[in-house]
Amino acid sequence: MAKQKIIIDTDIGTYYDDAFAVLYGVQSPEVEVLAVTTCYGDVDVRSRIAKKILRVAGREDIPVCSGVGQPMDEYALMFGFEGENILTEADWKDDSLKPSDIHAVDMIIEQVMKYPNEVTLITLGTVSNVAHAIMKEPKIVDKVKELIIMGGVIVPIVDEKGVTRSPIEEYNLNNDTKAAKIVVESGMNITLVPIDVTLKVPLTDEQVDRINTTDTPIAKLVSDILAVWPPQEKQIYLTVGIPTEHTGLWLHDPLTIAVAFDRTFITETRLHVALEFAQTLVPRDLLIRNDILRTIPKKLPFNMNVAIDVDHKRFTEQFTDRICKK
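Each residue of the sequence shown is one higher than the one before, counting from 3 in the working numbering.
Treat the hints with caution; some may be incorrect.
[Claimed, not checked] Once the Cα atoms are required to be at most 25 Å apart in a straight line, the calculated DSS-like pairs of lysine-lysine come out as:
| no. | residue 1 | residue 2 |
| --- | --- | --- |
| 1 | K7 | K328 |
| 2 | K5 | K327 |
| 3 | K315 | K202 |
| 4 | K5 | K328 |
| 5 | K183 | K145 |
| 6 | K180 | K145 |
| 7 | K141 | K183 |
[What the hints assert, rightly or not] Estimated spans, in silico, between C-beta atoms of each pair:
| no. | residue 1 | residue 2 | range |
| --- | --- | --- | --- |
| 8 | A229 | W94 | 13 to 21 Å |
| 9 | P140 | S225 | 39 to 47 Å |
| 10 | D207 | K138 | 41 to 49 Å |
| 11 | P303 | N87 | 42 to 50 Å |
| 12 | E120 | T271 | 22 to 30 Å |
| 13 | K222 | E319 | 14 to 22 Å |
| 14 | K315 | K138 | 36 to 44 Å |
| 15 | K95 | T206 | 33 to 41 Å |
| 16 | R316 | Q237 | 30 to 38 Å |
No wet-lab data here; the hints were simulated from the structure. For every residue, glycine included, the Cβ atom is placed at its ideal position computed from N, Cα and C.
Let's have the full structure, built from the sequences with the hints guiding it.
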């Protein structure tokens, strides 16, 4: 069977799971990673991180392209710890870790037009690059096989740590709301993997122990990333306003990669999903934006596939197996 062609579009470096998703992708024989593209904030730093991740995985053949860093109507936020325990002092000066000269938007257009109806775009951060690609070359809307978005909250939920997640408490789509609106209303074939589903796939203590005791470059890198994660997560949670005791090692982005090649991991349905703009308690806050992603009545035409449940045990086991693969 032919491998599924994918482009991974990511804000790698802030949350741990973007790096895990790239590693999981290159460790998955079902897919061919055409490129990794970066978005949101200092995209060149994010590209350097992505290139180091690919170097550790032995996949320096995959191009890494910097994309749109500035949202259309918001401010981009970097926390300052991006690259910690991934990039060494020497890596920051290593010219071989510089991104491709090709802009991410152009790479997306080039690959989609080269392989019509074969390329799946996977966004793990803002959808800025996809929105700009649509504006630059509208023909890609009908030539993309599928766009899989990690983002949004369809059903407000209480996760296993007792934290209520509401539609305004979402990161990826909120960080470039205008881009999200362009993409959602484009007519592209979209599958949404919202956090009410990804919060069901945390790594277990046993799986973390297995990764920590596996002696391979990839497992060691994942272990190194996890070693510095607790204080980083606390910093992010304080910014967002979530109690810092409510943490977990959720595999948001790796699950989104998995959906590209194995739909049996999720239960999905067809819904009409729209962006709705509303005031929040903290207007224009850097992380909690003034937009809400929610379903609207079924009398409106369905416009995307939405994941509503996940086989968490089977997925987390496969993820761990592939990260620990020798």
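message: Are any of the numbered hints broken by this structure? If so, which, sorted upward?
response: Every hint satisfied by this model.
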